[in-house]
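Okay, here's what each chain looks like letter by letter:
2 protein chains.
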Amino acid sequence: MKVKSMIMSLLMLVAIPLNSSAQQNLWMGDGIRSVEIDDTQRVTLRLYAPDAEGVALQGDFLAERVAMSRGEDGVWSYTTEPLPSEMYYYSFVVDGIGEIHDPESVYMVRDVAKQMNYFIVGGGCGDLYKPQAVPHGTVSRVWATMGDMERRMVVYTPAGYETSKRRYPVLYLLHGMGGDEEAWLATGRAAEIMDNLIASGHAEEMIVVMTNGCTRHVAAPGYSEEGMWRPYMSGSMDGSFETMFEDIVAWTDKVYRTKAKADSRAIAGLSMGGFHAMQISKTYPKMFDYVGLFSAAIFRGKEGVMLYDNLEQRLQKQFAEGVSLYWIGIGCDDFLYDENVKYRALLDTLHLPYTYHESEGGHTWRNWRCYLTDFAQLIFK
Amino acid sequence: MKVKSMIMSLLMLVAIPLNSSAQQNLWMGDGIRSVEIDDTQRVTLRLYAPDAEGVALQGDFLAERVAMSRGEDGVWSYTTEPLPSEMYYYSFVVDGIGEIHDPESVYMVRDVAKQMNYFIVGGGCGDLYKPQAVPHGTVSRVWATMGDMERRMVVYTPAGYETSKRRYPVLYLLHGMGGDEEAWLATGRAAEIMDNLIASGHAEEMIVVMTNGCTRHVAAPGYSEEGMWRPYMSGSMDGSFETMFEDIVAWTDKVYRTKAKADSRAIAGLSMGGFHAMQISKTYPKMFDYVGLFSAAIFRGKEGVMLYDNLEQRLQKQFAEGVSLYWIGIGCDDFLYDENVKYRALLDTLHLPYTYHESEGGHTWRNWRCYLTDFAQLIFK
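So the protein sequences, as listed, match chains D and S. So in our numbering, the last spot in the first sequence is 381, and the numbers never skip. So in our numbering, the last spot in the second sequence is 1381, and the numbers never skip.
Take the hints with a grain of salt, since some may be wrong.
[As the list claims (entries may be wrong)] Covered, in the sense of this in silico footprint (three residues per stretch, anywhere, with C-beta under 8 Å from a C-beta of chain S), are these stretches of chain D:
(1) 46–52
(2) 111–117
(3) 122–132
(4) 221–229
Derived by calculation from the structure, the hints in this document are not laboratory data. A quick note: this is a predicted structure, and the numbers were derived from the prediction, not measured. Yeah, the Cβ is synthetic: ideal placement off N, Cα and C, and Gly gets one too.
If we strip away everything but chain D, and leave its shape as in the complex, we get (with noise of 0.2 Å):
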């Protein structure tokens, strides 16, 4: 501490200089570049392990892992080929020890139980993930009560929601399996690709609410009572999340500046949020006039739950009601994909229409971050 106390002492006598590698050093080691990103899309990935006997990188955009060179500075490094405009992940690793992540990156989300250091490469859809010069909305965590219980959601007003008088239509948007109300902010980039859409003019001013729905946990681990508990694939497909949404929507109308009705509620999720899109949007039927489904888990509910009977009936009563869209986005090589065949059979059977996107990929949030930004642009219009 007295070192650091010493030095910090000399660094507030003098002036600091941007990006002056003697204060980088202070905090960050040795202070290289570890990710750079030149005009071409390639990127260069670098780790100082100057004692290393051997370090490879792996990342999503990495067929495999790949071997790094080193150089005569205990710097070893790879450069990619030019990457799509993407938001990706990655990390090294070192001989027999393991992945690690970047010491000299602060930029990590976490994943269910994992946490990865990412970078985002421009000039395409990665340009709607990254903040960008235009007004931002408010991203806020709150408890909100649903019968007696507090449970913690993400709440995303629109620039100027805290200044205007204006009520705004609202989107609950949901995550998948092992995830909870921070997926959708960290590894889904919501807020920024909702800034971005909004400020282009391509997405109607909206908020966006993302619940937690695992019912085992009132919160995102670390955020409750339940203390710093290690994350792991939960999930509630029992019908007790469904049954909550009553109270999750009224708590919104009355804290929030909402349209409080069906022509300006849109509910979409992933994977497991699907199915609960799915089966909320049908349990209550007068509440949402746009669906959206993105790879969702449409026949995983638990057996012998009385709100997930008489499928046929409660939709046909459902798109009765009214409905403005119902969007099904998957990609081609998804697990859920033969699912979501049958389940359009269905709809197509019902003679219910729906709006069919397929992409290319698996189960990723990749595709995920693409299903939002499209059906964004279509609700509320």
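Using the hints provided, position chain S relative to the given structure of chain D.
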């Protein structure tokens, strides 16, 4: 991706028991329990690294790095002596690779340019830093308008704010050099401290506004169009932040249900933020009745700034307008200790009354969390 999809598919077909090691293995590598706190407040830390030749542990609970012991299962471990209740940081040092994060924990906070794993030992002040079974306030990331600029702030509103019609006092809470609007929430545990103090009746219900005191940036790294820049020891001690404060308070009073008068406003900050709190409170002598200087960098302002001139007269004017509490806290080992002695001597000479708290230790978050805890209990009474 295919293997992951298949495993996810399997997982969704079976009931997933809580803490099943199978599903943890999917997301967490080897699934060991990396932090274990026993009833005697001894903490065992573990890292799975079967091929490492040596692993050390470092943390702010240790005077120096300690060697960890390798078990036959390839898990390295170390058990501490009983630790006083507190929030602690730790990392592992593997062979010559350097410092690595705990791959088994998702619990990290960023301090300036470093992500740090942490744990909290309860049984004392640490209990204040954990979420407890009490009503929780809302934490919002907002963009406040200051002149023609938008800058990001974090706002805590106490539990019940959304549904009450009441007006609340406001504490403006300022970070130190290198920090930003996220600092008091992360390492500062401000939301947990306020929730717990308010719930136990030790603090009044209040709004807490956490600003960004570095005028070269509009937001913490990664949250604005400035992109994913590398945090550094940035700060503003040239008057540029202080002169924004009128707009910050006006915006807060406009957007939130505040009690918009001096006896319901407090300002406090740590290090550079203590300097800011001192300067701002005397620049706007009718604005704040409560002032808190935590390890304040009293005499570090840039020379030649008119705002910083005539310290004595301006302090006299501020106190003449009425100050209910002028609270100064510092650790006896702090590198700013001497200038705080000098500042108190000045206040004594001027017969300006203050409350002084001297603690052990230095320029640390451990002290600043305590100072916030003390200060928050004294204001708005």
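- Query: Honestly, which of those hints from before does the structure not fit?
  - Reply: Hint check: nothing fails, all pass.
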